[in-house]
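Colleague: Order-wise, the sequence lines are chains A and B.
Heads up, the first sequence is in our numbering, so the first residue is 1 and it goes up one at a time.
Heads up, the second sequence is in our numbering, so the first residue is 1 and it goes up one at a time.
If you're looking for bench data, these hints aren't it; they were derived computationally from the structure.
Some hints here could point you the wrong way.
As the list claims (entries may be wrong) - Counterexamples of contact, computed for chain B against chain A with all Cβ distances above 12 Å: (1) Lys77; (2) Leu214; (3) Gly225; (4) Arg227; (5) Ala237.
To be verified - In silico DSS-like cross-links for lysine-lysine, where the CA-CA straight-line distance does not exceed 27 Å: (6) B:Lys163 - A:Lys79; (7) A:Lys79 - B:Lys132; (8) A:Lys89 - A:Lys78.
Quick caveat, the model's predicted, so the values are computed rather than measured.
No residue lacks a Cβ here, since even glycine has one placed at the ideal position from N, Cα and C.
Number of protein chains: 2
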Amino acid sequence: MSSLRFCFTSLTICSPRNLLAIPPQRINTFCCCAKPSRQNDFISEANTLQSSPPSASPKHSPLFGMDDTLVSYLCGKKKATDLAHMVWKHVVQKGDTVLDATCGNGFDTLAMLNLVADDSRKGYVYALDIQKDALDNTSILLEESLNPDERQLVKLVNICHSKMEEVVPRNALVRLVGFNLGYLPGGKKEIITRPETTFLALEAAERILMPGGLISIVVYVGHPGGREELEAVETFAARMPVENWICCKLRMVNRPCAPVPIFLFRR
Amino acid sequence: MSSLRFCFTSLTICSPRNLLAIPPQRINTFCCCAKPSRQNDFISEANTLQSSPPSASPKHSPLFGMDDTLVSYLCGKKKATDLAHMVWKHVVQKGDTVLDATCGNGFDTLAMLNLVADDSRKGYVYALDIQKDALDNTSILLEESLNPDERQLVKLVNICHSKMEEVVPRNALVRLVGFNLGYLPGGKKEIITRPETTFLALEAAERILMPGGLISIVVYVGHPGGREELEAVETFAARMPVENWICCKLRMVNRPCAPVPIFLFRR
Numbered sequence: 001m002s003s004l005r006f007c008f009t010s011l012t013i014c015s016p017r018n019l020l021a022i023p024p025q026r027i028n029t030f031c032c033c034a035k036p037s038r039q040n041d042f043i044s045e046a047n048t049l050q051s052s053p054p055s056a057s058p059k060h061s062p063l064f065g066m067d068d069t070l071v072s073y074l075c076g077k078k079k080a081t082d083l084a085h086m087v088w089k090h091v092v093q094k095g096d097t098v099l100d101a102t103c104g105n106g107f108d109t110l111a112m113l114n115l116v117a118d119d120s121r122k123g124y125v126y127a128l129d130i131q132k133d134a135l136d137n138t139s140i141l142l143e144e145s146l147n148p149d150e151r152q153l154v155k156l157v158n159i160c161h162s163k164m165e166e167v168v169p170r171n172a173l174v175r176l177v178g179f180n181l182g183y184l185p186g187g188k189k190e191i192i193t194r195p196e197t198t199f200l201a202l203e204a205a206e207r208i209l210m211p212g213g214l215i216s217i218v219v220y221v222g223h224p225g226g227r228e229e230l231e232a233v234e235t236f237a238a239r240m241p242v243e244n245w246i247c248c249k250l251r252m253v254n255r256p257c258a259p260v261p262i263f264l265f266r267r
Numbered sequence: 001m002s003s004l005r006f007c008f009t010s011l012t013i014c015s016p017r018n019l020l021a022i023p024p025q026r027i028n029t030f031c032c033c034a035k036p037s038r039q040n041d042f043i044s045e046a047n048t049l050q051s052s053p054p055s056a057s058p059k060h061s062p063l064f065g066m067d068d069t070l071v072s073y074l075c076g077k078k079k080a081t082d083l084a085h086m087v088w089k090h091v092v093q094k095g096d097t098v099l100d101a102t103c104g105n106g107f108d109t110l111a112m113l114n115l116v117a118d119d120s121r122k123g124y125v126y127a128l129d130i131q132k133d134a135l136d137n138t139s140i141l142l143e144e145s146l147n148p149d150e151r152q153l154v155k156l157v158n159i160c161h162s163k164m165e166e167v168v169p170r171n172a173l174v175r176l177v178g179f180n181l182g183y184l185p186g187g188k189k190e191i192i193t194r195p196e197t198t199f200l201a202l203e204a205a206e207r208i209l210m211p212g213g214l215i216s217i218v219v220y221v222g223h224p225g226g227r228e229e230l231e232a233v234e235t236f237a238a239r240m241p242v243e244n245w246i247c248c249k250l251r252m253v254n255r256p257c258a259p260v261p262i263f264l265f266r267r
């Protein structure tokens, strides 16, 4: 039985060669042991694996019904924008001033408004887009979703994201600047955000953001020009001083066209 | 007052030029309005920002005391290994079989054991390392931290991670394979995991992992050879079929030497 020595004392450091010396059918025979003991815990563990394997069906997966947004994102159950909204929730407070740099169809603007609005009416959302269609869509969504008091807390402005400083009051303390970079979903795919103006917009966001604030970016890369814009964002993020900024990118490694969330926290 | 038109109806799409037409001192004058109204909500919002700015000190930061591990990681308050352990918690169940491919000083092995161990004694951890010192350190940690019953649920094996299939029973359903790639903390920095064997180890992990399982990798890149190993892991992850695998990498963009967590979920 010397070849089974490593099975007897679990914390003994041992060579796997001994394990190889046990033919598989021998392990299967030993697996009939009903109750593990110090003398056969390896074998009984193998038995356990045979007699009551952990559940593997989707319904019984440990990921089923999980509500943690990050893990849901990591395992492909949530979108990049869902992840961004979850991160915003941890950063933004009621009464904050925030800015949606590319309001698109308005879903981010609405999510931001819900984070900052309360009875104090101090919260405020600036929502920008260079496309009139985007502002029209956002306006419709907000009209449908908000009460008149809440609608007073959103300002829609038809302007390039690089010019956000022309919109936000000079003394404003902005807790969040959000970007969705690419084209307007459902709109003309040839109208896209561009690396040059996006870089300028990020520089502007850096200037207006308060300490403890967040620049949140989701870069869509599946269209022509998308990768160049991602490179511009990465170049911007890579040069942020580590003493003041934490810059984290998430990438679906086996989905090169998946949107890329990037979070820049100002300490 | 036509230059103030955009202030009156918040959802009106407007040009920022009008805002620029208001001199800052004019805005400050308007800020004296005590109660916002439909006619001056932009002005009153600017006032709000001046009179009671959102808190910006670290003590009052919205990130202070936050317990969400992901956001804590994203904002630099948690380590890559903390993030990995959080993700494991969502995947691993009591009674599971898991494998620590590079046990190092044993902290991952201990964390895994705590996830799988319960009164059923079905849970099991295989912990491998090519360095005897690592296994000695892990053994000491486990002896200090576990009761005798729990210690029975860990098998330490002195072997290269690429040979994990020689250790795990052929019919085992493995829910988690964890890697910490680099050198043994506190050990000899010239003894490192290597791209070639790491690639083989990942292929082996792919073969033994059950559906719903996770290959969790933290790649240390600050030492010579670290970047090459990261490339090997990325190459491996990039070729995983999207229909069966979700492969996500997190990168601190402005800290090129920060450890890189990579999670490979099998659907």
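Colleague: Tell me, in ascending order, the numbers of any earlier hints that this structure violates.
Modeller: Structure breaks hints 1, 2, 5, 6, 7.
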